[in-house]
Amino acid sequence: MDGIKFTVAIDGPAAAGKGTISKAVAAHFGFSHLDTGLLYRAVGAKVLAGGDPVAVARMLDPVDLENDDLRTPAVAQAASQVAVIADVRAALVDFQRKFAARDGGAVLDGRDIGTVICPDAHVKLFVTASAECRAKRRYKELSDKGINVTPAQVLADVKERDARDSGRAAAPLIAADDAALIDTSEMTIEEAVAQAVAIVAAAKDDVR
Numbered sequence: 172m173d174g175i176k177f178t179v180a181i182d183g184p185a186a187a188g189k190g191t192i193s194k195a196v197a198a199h200f201g202f203s204h205l206d207t208g209l210l211y212r213a214v215g216a217k218v219l220a221g222g223d224p225v226a227v228a229r230m231l232d233p234v235d236l237e238n239d240d241l242r243t244p245a246v247a248q249a250a251s252q253v254a255v256i257a258d259v260r261a262a263l264v265d266f267q268r269k270f271a272a273r274d275g276g277a278v279l280d281g282r283d284i285g286t287v288i289c290p291d292a293h294v295k296l297f298v299t300a301s302a303e304c305r306a307k308r309r310y311k312e313l314s315d316k317g318i319n320v321t322p323a324q325v326l327a328d329v330k331e332r333d334a335r336d337s338g339r340a341a342a343p344l345i346a347a348d349d350a351a352l353i354d355t356s357e358m359t360i361e362e363a364v365a366q367a368v369a370i371v372a373a374a375k376d377d378v379r
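Under this note's numbering, the first residue of the sequence shown is numbered 172, with each subsequent residue one higher.
Please keep in mind that the hints were generated in silico from the structure rather than gathered at the bench.
Treat the hints loosely; a few may be bogus.
Using 30 Å as the maximum straight-line C-alpha spacing, the simulated BS3-like pairs for lysine-lysine come out as follows [stated by the list, open to error]:
(1) K330 x K311
(2) K194 x K307
(3) K330 x K307
(4) K269 x K194
(5) K176 x K194
(6) K375 x K269
(7) K316 x K194
(8) K194 x K311
(9) K330 x K194
(10) K330 x K316
(11) K375 x K176
(12) K375 x K194
(13) K176 x K269
As the structure is a prediction and not an experimental result, all values here were calculated from the model.
Given only the sequences and the hints, what does the whole structure look like? Please build it.
Listed below in structure tokens is the structure:
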């Protein structure tokens with residue numbers, strides 16, 4: 172698809188599987204992939220280090236996304252906190268839209284891709300799962316990394332982030348009206364990926 176612009180917007184709450192699905196979709200079709208949550212995690216990490224949220228967002232560099240410490244619970248919470256700041260979101264919009272418009276196709280995953288960043292995306296998916304299911308997955312992920320947390324703490328964090336992300340005034344976490352819903356609560360990752368790939372493939376055929 173060199174020279175052709177095709178955008179896939181994938182939104183959803185934490186630990187629903189959207190990142191894994193996004194990477195798989197991008198790999199299947201040869202599209203570029205951007206985990207937009209890393210932008211906010213990178214800002215959050217710099218804020219934890221003493222930076223000003225808006226100033227950090229305006230000066231963010233792609234190399235900042237390569238920090239291995241961006242997946243910690245503390246950074247995740249900081250990312251959710253800075254994401255409610257309208258000026259932070261505005262500073263990162265241009266970065267995301269330029270990525271979405273690149274030749275060869277692009278997959279962006281986050282929380283406001285289909286509603287704010289790429290409202291005209293060729294495909295919009297909303298990937299979700301129950302809070303309990305997502306907390307169980309996140310607990311295993313953190314435990315496997317040696318991070319000391321309890322299942323109750325992880326569930327509380329998931330619910331807190333859901334409430335903050337869905338309730339914020341700037342670009343709240345909601346499904347776009349024309350997004351296809353994928354509930355992964357009772358799915359294997361293979362089943363979820365297959366469903367996403369089928370949706371994208373059908374849309375891709377329509378634009379040929």
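Hints, verified against the model:
Distance check on the hinted pair: K330 and K311 sit about 17 Å apart at the alpha-carbon level, within 30 Å; holds. A C-alpha spacing of about 21 Å is found between K194 and K307, which places the hinted pair at or below 30 Å, so the restraint holds. For the hint linking K330 to K307, the alpha-carbon distance of about 12 Å falls within 30 Å, and the restraint holds. The hinted pair formed by K269 and K194 meets the criterion: a straight-line CA distance of about 19 Å does not exceed 30 Å.
Distance check on the hinted pair: K176 and K194 sit about 18 Å apart at the alpha-carbon level, within 30 Å; holds. At most 30 Å may separate the alpha-carbon atoms for a hinted pair to count; K375 and K269 meet this at roughly 20 Å. For the given pair, K316 sits about 21 Å from K194 by alpha-carbon distance, which is consistent with the 30 Å threshold. For the given pair, K194 sits about 20 Å from K311 by alpha-carbon distance, which is consistent with the 30 Å threshold.
Restraint check: the Cα-Cα separation between K330 and K194 comes to about 25 Å, which is no more than 30 Å; the hinted pair holds. The suggested pairing of K330 with K316 holds, with an alpha-carbon distance near 22 Å, which does not exceed 30 Å. With a CA separation close to 11 Å, the supplied pair K375 and K176 stays within the 30 Å bound. Taking the CA atoms of K375 and K194, the gap is about 17 Å. The hint holds against a cut of 30 Å.
Note on K176 and K269: the hinted pairing holds, with a Cα-Cα distance of about 11 Å set against a maximum of 30 Å.
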